[in-house]
Amino acid sequence: VGMDVVKTNIERIGGAVDVESERGVGTTWRLTIPLTLAIIQALTVECAGERYVIPQVAVHELVYVDGRSTRIEYASGAPVYRLRGKLLPLVRLDQTLGLPSDGQDENVYMLVLQADGRRFGMVVDRVLNTEEVVVKALNARFKDIGLYAGATILGDGKVALILDVASLARRSKLATTTAERTRSAATDEVAAGGTPAQRLLVTGVGERRVAIPLDTVTRLEEFERSRIEHAGSRAVVQYREEILPLVRLADLLGAMPGEQGDTVPVVVYSERGRSAGLMVDKIVDIVEESATVRKDLHEDGFAGTAVIQQRVTELLDVRRAILAADPNFYAGTVDAHLVEA
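Under the numbering used here, the first residue of the sequence shown carries the number 1, and numbering increases by one thereafter.
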């Protein structure tokens, strides 16, 4: 068969043929075939009685989750799972797809997936098996939904939809964004003489611990250090099609930063339609404490100190900390460095 025939037939189905030749070395032929004809290794899962297929290349690990596990927590109403000391955002497949749910979290499995450079956990009812599947093209109506990469026929002859992991990640960001945050009532309550229990996000900055009221936290993110750029004197990162300004808590504390890895934990804060990211060295824990706050800390951006988990911890007043870093945060002018949320 002449290569012209091969090229014609490959291009007819939307593919391409590339040839690279080097004298004395050899020739390399590359055939690019559209996804509609691809064979992929995939994991089959079940959710609300329906079966779905996930490309195995996107699956990093599988975790059994007991619904009563204390490792499932909530940050501003969004579920997170503590996996080896790190908080992983959770997505329930049934809720994302609008499937009926019995509301029970027992005997479920969490798939740790990666898409668009970030990891998240997806909760399903059952994990069935892995197999090679042939990807079939979807009808235009299914493509418009934006959550499916294709369909396949399983070994038992039944049809299953192939999930688009990147689209699920994007959809979950929109679904779990908190529209509006109220300011922390910690300062007001302490002034009134009470010490109410409040949920705190405890972070590590160098050798120091900083607690952030959880109701001021919009999201917890982890960015690759290589993604951080600079606009003037400010560190920024491209985030959800916007430019997110970053504030280093180590700079506010005058502390030496800890070990710098390939990724940076960032606490995203939003108020009055604007967002900023607080860069920390690590996320330590989410706690609910009724601590006595000492007001002897006179630094911009801090409400005081308290003993939390038997460690002296500085309580961050996020609003004051942001203003200390950028007085124009709430100005709403073009000159302000912060962006619309």
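Read the hints as simulated data drawn from the structure, not as lab findings.
Hints may be right or wrong, so weigh each one.
Stated by the list, open to error - Pair by pair, the computed Cβ-Cβ distance ranges are:
{"id": "1", "residue 1": "Gln238", "residue 2": "Val312", "range": "52 to 60 angstroms"}
{"id": "2", "residue 1": "His60", "residue 2": "Lys7", "range": "50 to 58 angstroms"}
{"id": "3", "residue 1": "Ser101", "residue 2": "Asn9", "range": "19 to 27 angstroms"}
Stated by the list, open to error - Dumping the calculated EDC-like pairs for lysine to aspartate or glutamate here, alpha-carbon to alpha-carbon at most 20 angstroms:
{"id": "4", "residue 1": "Lys136", "residue 2": "Glu11"}
{"id": "5", "residue 1": "Lys282", "residue 2": "Asp326"}
{"id": "6", "residue 1": "Lys86", "residue 2": "Glu73"}
{"id": "7", "residue 1": "Lys86", "residue 2": "Glu221"}
{"id": "8", "residue 1": "Lys158", "residue 2": "Glu46"}
{"id": "9", "residue 1": "Lys282", "residue 2": "Glu222"}
{"id": "10", "residue 1": "Lys282", "residue 2": "Glu207"}
{"id": "11", "residue 1": "Lys158", "residue 2": "Glu50"}
{"id": "12", "residue 1": "Lys136", "residue 2": "Asp94"}
{"id": "13", "residue 1": "Lys282", "residue 2": "Asp94"}
{"id": "14", "residue 1": "Lys282", "residue 2": "Glu221"}
{"id": "15", "residue 1": "Lys158", "residue 2": "Glu131"}
{"id": "16", "residue 1": "Lys282", "residue 2": "Glu241"}
{"id": "17", "residue 1": "Lys86", "residue 2": "Asp251"}
{"id": "18", "residue 1": "Lys86", "residue 2": "Asp285"}
{"id": "19", "residue 1": "Lys158", "residue 2": "Glu132"}
{"id": "20", "residue 1": "Lys295", "residue 2": "Asp326"}
{"id": "21", "residue 1": "Lys295", "residue 2": "Glu271"}
{"id": "22", "residue 1": "Lys158", "residue 2": "Asp125"}
The beta-carbon is built from N, C-alpha and C at its ideal position, and this holds for glycine as well.
### Query
Hint by hint, which ones does this structure get wrong, listed from lowest number up?
1, 2, 3, 5, 12, 13, 16, 17, 20, 21
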